[in-house]
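Top line first, the protein sequences correspond to chains A and B.
Here the first sequence is numbered in this note's numbering, starting from 614 and rising by one per residue.
Here the second sequence is numbered in this note's numbering, starting from 1002 and rising by one per residue.
It is worth saying that the hints were derived from the structure and are not from the lab.
Every residue gets a Cβ at the ideal spot worked out from N, C-alpha and C, and that includes glycine.
Take these hints with a grain of salt, some might be off.
[As the list claims (entries may be wrong)] So, partial list: chain A residues that the calculated Cβ filter (under 10 angstroms) puts toward chain B:
1. N820
2. I834
3. K836
4. G838
5. I843
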Amino acid sequence: MSEKLVLSGNHAAAHACKGARVQVIAAYPITPQSPATELLSRFVETGQLNAKYVCVESEHSAMTVCIAASSTGARTFTATSANGLALMHEQLHWAAGARLPIVMACVNRAVAAPWNVWTDNQDSISQRDTGWIQLYCEDNQEIYDTILQAYKIAEQIYCPVMVCYDGYILSHTLMPVEIIDQNAIDEFLPPFKPYVTLDPDDPKVLNLVTFPWIRHDHPHIEKFGGYPEIRYKLQQTLRSSFDVIERVDKEFGEKFDRQYGIFKEYMCDEADYIILAMGSLASEATVAAEILYEEGYTVGVLSLKLFRPFPAKQLATFAKQSAASTFIVIDRNLSYGYEGALCTDFKAALYTHHVQKNVHGYLLGIGGRDVNVEQIMEIVHKSRKAIEAGQLDKETEWINIMK
Amino acid sequence: MEKDKLKNIEVPISSISIPIEGEAGRTGSWRTERPILDPSKCAAVKQNKLVCMLCWLYCPEGTISRTIPPKINYYYCKGCGICAKECPSKAITMKDETNFEE
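One chain only, chain B, in its complex shape (with noise of 0.2 angstroms):
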């Protein structure tokens, strides 16, 4: 399917892509904060409804879901921290990488 729809490019002279997951690798090497959502505090959760939803609306990478409860994508989260910033049930918090070591 991916290779199908640029297979007409004969001659690969500049880079060309087609919108996928993850056009640019694993971003998420790139965090040094990890946004972790605390569902208890999240007015999705408390009413069950796709109510809110600014952090899925304001994250600039689109790496938060669209769902009940809201779910971080770690692999790209590039750990801005503007999803933690825009909650307004101060729901998601940033947490230093280094806490989460192996």
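Pulled out of the complex, with its shape left as it was, chain A reads as follows (with noise of 0.2 angstroms):
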């Protein structure tokens, strides 16, 4: 029987580990990740989880014992934020070139300094080329349902799975969260069949020096090319990864009613302006449309949930198919000296399928400052101002900031 519990988001990570029946969990406290690790390791201690809690010194030291416990085939996970996530940052580089499907909720916080610990999208999009795949959450019922799913995505590619969700809006905010019959979560996730173990047993060489060339000089490590190679394969898994991610969540949505896709659309099909954007950011945004609705105004929401590997041919084939001239992208993050992440990879995806269509960019809520309707209005009517003023070539601007 599933049973509905009003649960902050971290807490939902929590529930969402134990029904997955996870074996090892290293974690660091780090605000605002805390709670999470805090009730799993609740779990634990009381025997609702069999699993390995490993206290640890360091997030960097947190994400080596996954990968150590992800190597001797263990499902495992850890949870952090910020600069927790950026000590973390070589060893996310490895779980990812080692092909282990680790799963990580990625509570988002602003990467300091000055210090900071409000919601801020900097941290999870600063690691977005570690070969990880990311997945960003829009309420605490996605955040359960996208831990299940993150495991059943991971273990089929071997690819280590982040879960992004905002820090405070929706990690320490209480909604109900329907938990799954324990059965009905076994059913749909089996136990993780790893490719290879380390077992003492049977001694193997993981992750060793692996040349720019191809070796020769012993044929079982011919087999696996050189080091291009082994990245190759990452790149090749990432980007055909598309088909397992969607399977996966129709696969969920039959079992259990809730299906969420690539992205989610919002009153997108007569729009002539559409936000996109990513978590609690594209939650606001449709309280902001449907404003702007009774306005006159036909602006829709398009919510990005699949960052990485990003879906460049999705995105152009949605942007073609529209009838919106313009694209306004919100960002809650910053690639210094240029503009938001999310921005630039739109534009790219539409660039490389020919698709032709405004872009503006926004920044906004950087640092955990307070997102309201009236400034996703604010912006919206920025672009619609631009463009009727004829002035295509908008740059990214950054909103509610003192000057």
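Using the hints, put the two standalone chains together into the complex.
Spelled out as structure tokens, the structure:
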């Protein structure tokens, strides 16, 4: 029997790990992630979850423990935020290159300096090039569901998955969350079957020095290729993983009646302007779209769930079929010296697939500054006025900032 | 034999090997100094027993044999000099590689 609990985003994440029968958890506390791992440690302590909880001295060690445990065939989990994620950076590359299906929750928070514990996507966006799949959530039910899906995706294609959700706005806000019956989860998510395991009785060397060239002096090494072959396979797997990601989501939908897709459309059909955003920003934008509709403006919202691998073709196809002249991309992150990461990637996707649309980038809610409906409406009006004035080359603009 | 152990890995998606000699290639070429053992000073040779063996124990690359006298495998010895430092009889000295160029 499934049951409905009122949970914070962090506790929803912990319940999902319990449902997934995670075997090894290693984490270091950091705001706003801590309640997720605190509840997990309680599950382990009280015997509700048969797992090893490893207390570590840093996030770098947390990911290292996950890497080691995953290499022995264990289902592993960790969670972190901001500077903690940054400290993991080296091991994130390792986990992906070693093809370990580790699942991590990134509770999105601004990266210091200056010190700030509020929500911001800078932390996970800064890790986008490490080879991890990145999924963004809009509410607490989606956090729970996405973690369950993440294990199924990760273990099919042997890639690590980062499940990202906004600090405080989701991590500390209580919402009703349906907890799925354990038997139903077990049916959806079978035990992890590693393609190779570290075993003292059958010693192996994993992730050895792998040369630029292909070695021919040992036949068993030869078949793995050199470093470029290993990395090529990671890229090929990620670029062809859309099918798996969609299939897992579809199966989840059939079984549990909730399906998310690679991106979610809201009032996009007749829209002249479409807002593209991720996570709770996209949720807020749907409210703005409704008010603008009442005022006579047709505005849709496209909420991107899958940021890596980037669904360039899917987004470009959507844009091509859309009647909208203008896409408004709102980022809560910034590639310093240029613009928001989603804005850049979206424009590149349109260019590659020969789709011509106006794309206006905006930065909003950086460092947890409160995002409200009025600001999003203001953004739409700014873009509308720019288009009406024939200003087609509008550059990214920072909203609600003391200049 | 080597092949058999990894044959069940059908999709070689990460870099995997089994413990073998010279997994990372012939690292002896990295050496700038070469350890030279003088058997007349080596405790094991003098007593004709497997005594001391600190060079064998401390070599981080496992390139020194547990034999009388200990033998250094120059195909893989990286020339770190730990054996020379640890040898209580000062039987091992580090010599510049340029002395050995052909």
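Comparing the hints with the structure gives:
1. N820: 5 angstroms, holds
2. I834: 5 angstroms, holds
3. K836: Hint on K836 (chain A): holds, closest Cβ of chain B at ~5 angstroms, below 10 angstroms.
4. G838: 7 angstroms, holds
5. I843: 5 angstroms, holds
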